[in-house]
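One letter stands for each residue in the lines below.
4 protein chains.
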Amino acid sequence: MALVSQNQILQCLIADNLVSDPNGARGRLLTEAARLFREKGYERTTVRDLAAAVGIQSGSLFHHFRTKEEILKAVMVETIRLNTALMQAALEAAESSSDKLRGLIRAELESINGQTGEAMAVLVFEWRSLSASSQADVLELRDIYEKLWLDVLESLRREGALAAEPFVVRRMLTGALSWTVTWYKPERGGLTLDGLTDQVMAMMALKSS
Amino acid sequence: MALVSQNQILQCLIADNLVSDPNGARGRLLTEAARLFREKGYERTTVRDLAAAVGIQSGSLFHHFRTKEEILKAVMVETIRLNTALMQAALEAAESSSDKLRGLIRAELESINGQTGEAMAVLVFEWRSLSASSQADVLELRDIYEKLWLDVLESLRREGALAAEPFVVRRMLTGALSWTVTWYKPERGGLTLDGLTDQVMAMMALKSS
Amino acid sequence: MALVSQNQILQCLIADNLVSDPNGARGRLLTEAARLFREKGYERTTVRDLAAAVGIQSGSLFHHFRTKEEILKAVMVETIRLNTALMQAALEAAESSSDKLRGLIRAELESINGQTGEAMAVLVFEWRSLSASSQADVLELRDIYEKLWLDVLESLRREGALAAEPFVVRRMLTGALSWTVTWYKPERGGLTLDGLTDQVMAMMALKSS
Amino acid sequence: MALVSQNQILQCLIADNLVSDPNGARGRLLTEAARLFREKGYERTTVRDLAAAVGIQSGSLFHHFRTKEEILKAVMVETIRLNTALMQAALEAAESSSDKLRGLIRAELESINGQTGEAMAVLVFEWRSLSASSQADVLELRDIYEKLWLDVLESLRREGALAAEPFVVRRMLTGALSWTVTWYKPERGGLTLDGLTDQVMAMMALKSS
DNA sequence: GATGAATGAGCATTCATTCAT
DNA sequence: CATGAATGAATGCTCATTCAT
Numbered sequence: 001m002a003l004v005s006q007n008q009i010l011q012c013l014i015a016d017n018l019v020s021d022p023n024g025a026r027g028r029l030l031t032e033a034a035r036l037f038r039e040k041g042y043e044r045t046t047v048r049d050l051a052a053a054v055g056i057q058s059g060s061l062f063h064h065f066r067t068k069e070e071i072l073k074a075v076m077v078e079t080i081r082l083n084t085a086l087m088q089a090a091l092e093a094a095e096s097s098s099d100k101l102r103g104l105i106r107a108e109l110e111s112i113n114g115q116t117g118e119a120m121a122v123l124v125f126e127w128r129s130l131s132a133s134s135q136a137d138v139l140e141l142r143d144i145y146e147k148l149w150l151d152v153l154e155s156l157r158r159e160g161a162l163a164a165e166p167f168v169v170r171r172m173l174t175g176a177l178s179w180t181v182t183w184y185k186p187e188r189g190g191l192t193l194d195g196l197t198d199q200v201m202a203m204m205a206l207k208s209s
Numbered sequence: 001m002a003l004v005s006q007n008q009i010l011q012c013l014i015a016d017n018l019v020s021d022p023n024g025a026r027g028r029l030l031t032e033a034a035r036l037f038r039e040k041g042y043e044r045t046t047v048r049d050l051a052a053a054v055g056i057q058s059g060s061l062f063h064h065f066r067t068k069e070e071i072l073k074a075v076m077v078e079t080i081r082l083n084t085a086l087m088q089a090a091l092e093a094a095e096s097s098s099d100k101l102r103g104l105i106r107a108e109l110e111s112i113n114g115q116t117g118e119a120m121a122v123l124v125f126e127w128r129s130l131s132a133s134s135q136a137d138v139l140e141l142r143d144i145y146e147k148l149w150l151d152v153l154e155s156l157r158r159e160g161a162l163a164a165e166p167f168v169v170r171r172m173l174t175g176a177l178s179w180t181v182t183w184y185k186p187e188r189g190g191l192t193l194d195g196l197t198d199q200v201m202a203m204m205a206l207k208s209s
Numbered sequence: 001m002a003l004v005s006q007n008q009i010l011q012c013l014i015a016d017n018l019v020s021d022p023n024g025a026r027g028r029l030l031t032e033a034a035r036l037f038r039e040k041g042y043e044r045t046t047v048r049d050l051a052a053a054v055g056i057q058s059g060s061l062f063h064h065f066r067t068k069e070e071i072l073k074a075v076m077v078e079t080i081r082l083n084t085a086l087m088q089a090a091l092e093a094a095e096s097s098s099d100k101l102r103g104l105i106r107a108e109l110e111s112i113n114g115q116t117g118e119a120m121a122v123l124v125f126e127w128r129s130l131s132a133s134s135q136a137d138v139l140e141l142r143d144i145y146e147k148l149w150l151d152v153l154e155s156l157r158r159e160g161a162l163a164a165e166p167f168v169v170r171r172m173l174t175g176a177l178s179w180t181v182t183w184y185k186p187e188r189g190g191l192t193l194d195g196l197t198d199q200v201m202a203m204m205a206l207k208s209s
Numbered sequence: 001m002a003l004v005s006q007n008q009i010l011q012c013l014i015a016d017n018l019v020s021d022p023n024g025a026r027g028r029l030l031t032e033a034a035r036l037f038r039e040k041g042y043e044r045t046t047v048r049d050l051a052a053a054v055g056i057q058s059g060s061l062f063h064h065f066r067t068k069e070e071i072l073k074a075v076m077v078e079t080i081r082l083n084t085a086l087m088q089a090a091l092e093a094a095e096s097s098s099d100k101l102r103g104l105i106r107a108e109l110e111s112i113n114g115q116t117g118e119a120m121a122v123l124v125f126e127w128r129s130l131s132a133s134s135q136a137d138v139l140e141l142r143d144i145y146e147k148l149w150l151d152v153l154e155s156l157r158r159e160g161a162l163a164a165e166p167f168v169v170r171r172m173l174t175g176a177l178s179w180t181v182t183w184y185k186p187e188r189g190g191l192t193l194d195g196l197t198d199q200v201m202a203m204m205a206l207k208s209s
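Chains as they are written, first to last, in UniProt numbering: chain U, 1 to 209; chain X, 1 to 209; chain G, 1 to 209; chain E, 1 to 209.
Each hint should be verified, as a subset may be incorrect.
The list makes no distinction among identical chains, and a pair is therefore deemed to hold if it is satisfied within one copy or across any two copies.
Unchecked claim - Here are the simulated lysine to any residue pairs, SDA-like style, with alpha carbons at most 20 Å apart:
| no. | residue 1 | residue 2 |
| --- | --- | --- |
| 1 | 185 | 21 |
| 2 | 185 | 4 |
| 3 | 185 | 131 |
| 4 | 40 | 132 |
| 5 | 147 | 81 |
| 6 | 40 | 25 |
| 7 | 40 | 124 |
| 8 | 40 | 158 |
| 9 | 40 | 73 |
| 10 | 68 | 154 |
| 11 | 73 | 7 |
| 12 | 185 | 174 |
| 13 | 40 | 98 |
| 14 | 185 | 156 |
| 15 | 73 | 140 |
| 16 | 147 | 64 |
| 17 | 147 | 47 |
| 18 | 68 | 106 |
| 19 | 185 | 27 |
| 20 | 147 | 15 |
| 21 | 68 | 93 |
| 22 | 185 | 145 |
| 23 | 40 | 148 |
| 24 | 147 | 178 |
| 25 | 40 | 151 |
| 26 | 73 | 132 |
| 27 | 68 | 96 |
| 28 | 147 | 23 |
| 29 | 73 | 187 |
| 30 | 185 | 55 |
Simulated from the structure, these hints should not be mistaken for laboratory data.
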């Protein structure tokens, strides 16, 4: 029972200036940056590459961002903001703890393998390219996001549906789900995102209604 | 029932010239390279950094390796060779499919969080820095390694102990286990490597004897 | 016996459109430009710095001046024009050659260390940043100014009060007086501008009435 | 009665590693840097200009100096070191205070208008391009140099040969002598360096034996 | 007039690689 | 084998100037 669509959530965030409009100059740059950082890595992507990808000159980049690193940070920050909102919506749409977990897994898989997938991969693989102070800023946002997961896993534990420790399980799931980006190709096989979600639940011996 | 020690395996590989002696010039360089690549990333590590780490001048590096990328490739190749041998030993030491899986998980966790951890992380995080042709070479070795896992998982499936697909489960485990490098600190908490292995088995609702 | 005040001279020049009104947009810009060029140097001062100093956007600067160099030239030209007028007034207010020289020295010290000090320093220290053709234009104005000095020094020579050559003495005085800007701080010590003028006359073994 | 030649002094400083051998790679670069900085200004001189002037590639500069500013600082530091040594020699070669002053003036004029002239001009005109911390380092050296002058001027004052204050006179002379670089051309007129020195002494109404 | 995004040439600096010693 | 100066292409970033609004 999705109360709000993904697109509605995005519009709210844009209105609040929390993420950039993907149709605007800044938003398009961030989309291309995520793609290039994912494809070639942050270091191997030059500001000239970034500029060319959105059809401007390299010098013009610096009207929108003061440094190349600021672009990396913006990709990460906006991705977390968007995904936190999507996770909250997924939680609100579910009743049981088991369904809530399924909702989170499904939503994270969608983030990782859908439109924001490149940005999600950047978040994982380019972490070290972020300066220490930027890392601290991003970690603050990340904590909010992770809290959503831990609350659900703790409920499952209390209900006796989960044998392992919530903290450890979340870490395992983070790795397992992130890693799908390296191999899961929806177009290729018969495995849909829902099917993949089922597999994860099955691996954990959990039932999803 | 470990038939052969880890050290014996290493000695065999060194004797066969499949991995470098960690006490030799080449081996020490690869160890330091793995550490630096993991710490700062391949791109941000300069050949001067590498040379300084083993106490030589940057020009001298090129007597041992033709290019910087060759160093990265060697780190990866030798790591896979060593770990393939370790996995095979783990399999030989176990009887049941469930114990075999536990052995693989335990061995991979040890690789990831033990002495070869840095090299294992490099294998994951610096993959894109490898040229296409080197990637192909490394992938060949990787296939052998992955086959060991798939065989065990397929047995478990046949035995009814595993509900999800072996291929998918292996990918999930790859991600989940690799990711431990980002958070698992044996010295810090009460969780030993064996405890961690138990958690993974528990998460999959598998019993380990 | 000052026949006309400094302010009266300034008003005449503004009326004749020879210098900009310091309260107008152009005048304020030139004042700020002199300050910034002196403080940071011409090259290190950006047009954005200049624009920010007068509260406009960088693009708007180019409605007042065609190029950044034109601003530098205007600072120099207007400074020479104003100082030439001030020197002429100083000469008219004195009787003897010795007093005339004292008047010139006193007036130049005031130019250098007073309100136009920053512009005077720019004239000296940023000379090379001026294009050859602009240098020629400014030099023409400078010749008029220098003529005033040479006439007085030649009179003194003829009167036997000066042993050295007028041409050389003027050059020495130019350097000595310009240099005061680097060390003379009227507010700090007991040395007033008149006291400093006396020191210069004393150094030259000249009496000033 | 010059006890030691200028060249002998230079050789001592080179031997003590206080200044670079003008025939070495570093020394030649500093000479060319002084020339270019003087001619075009520090900011307008690119590292490519500097490299081209000594016949190397721009990247190679950074084997000798870590930054462009380090080159500027080295020009200044070595110039002050050399001139301090030359001044000390000039003092030792003179008897009376008046002769000592003449020696200092003569030596400084030679520094300014001779081989180190360009470097001396850089010291004056490019001062602001030096970072605050480098300025502090250079100022320490400068204090030693200035002390030599003040001691002589104070002696003259005590002897009644100087009416003005030593501190002020030194500042005036600094400006006057530095400024000669902008106009004095020995080859052009009949004025030799000795003649110019005489003019300065005459301007101050001092006799030189 | 004023704006501010865009330009594009230019800058100091980095760094893997080479090679004479 | 080792050195370390030299290379030269590439990088992130700056900035005077333009121009559509």
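Hint check:
1. 185 / 21: Close neither inside one copy (27 Å) nor across copies (40 Å); limit 20 Å.
2. 185 / 4: neither (27 Å within a copy, 40 Å between copies)
3. 185 / 131: neither (32 Å within a copy, 23 Å between copies)
4. 40 / 132: Answer is between; shortest inter-copy Cα gap is 12 Å, intra-copy 22 Å.
5. 147 / 81: within (14 Å within a copy, 39 Å between copies)
6. 40 / 25: Intra 22 Å, inter 32 Å, cutoff 20 Å: neither.
7. 40 / 124: both (14 Å within a copy, 14 Å between copies)
8. 40 / 158: neither (44 Å within a copy, 41 Å between copies)
9. 40 / 73: both (17 Å within a copy, 17 Å between copies)
10. 68 / 154: neither (40 Å within a copy, 47 Å between copies)
11. 73 / 7: neither (23 Å within a copy, 43 Å between copies)
12. 185 / 174: This pair counts as both: shortest intra-copy Cα distance 18 Å, inter-copy 17 Å.
13. 40 / 98: Answer is neither; intra-copy 38 Å and inter-copy 39 Å both fail.
14. 185 / 156: Neither, since 30 Å and 25 Å both go past 20 Å.
15. 73 / 140: So residue 73 and residue 140 pass the 20 Å test inside one copy only (13 Å; across, 36 Å).
16. 147 / 64: neither (32 Å within a copy, 49 Å between copies)
17. 147 / 47: neither (35 Å within a copy, 41 Å between copies)
18. 68 / 106: Classified as neither; 33 Å inside a copy, 41 Å across copies.
19. 185 / 27: Answer is neither; intra-copy 26 Å and inter-copy 38 Å both fail.
20. 147 / 15: Cα proximity of residue 147 and residue 15: none, with 25 Å in one copy and 50 Å across.
21. 68 / 93: Classified as neither; 38 Å inside a copy, 51 Å across copies.
22. 185 / 145: neither (26 Å within a copy, 22 Å between copies)
23. 40 / 148: neither (32 Å within a copy, 31 Å between copies)
24. 147 / 178: within (18 Å within a copy, 22 Å between copies)
25. 40 / 151: neither (36 Å within a copy, 34 Å between copies)
26. 73 / 132: within (11 Å within a copy, 28 Å between copies)
27. 68 / 96: neither (44 Å within a copy, 53 Å between copies)
28. 147 / 23: neither (31 Å within a copy, 45 Å between copies)
29. 73 / 187: Classified as neither; 30 Å inside a copy, 31 Å across copies.
30. 185 / 55: Classified as neither: same-chain Cα gap 29 Å, cross-chain 46 Å, threshold 20 Å.
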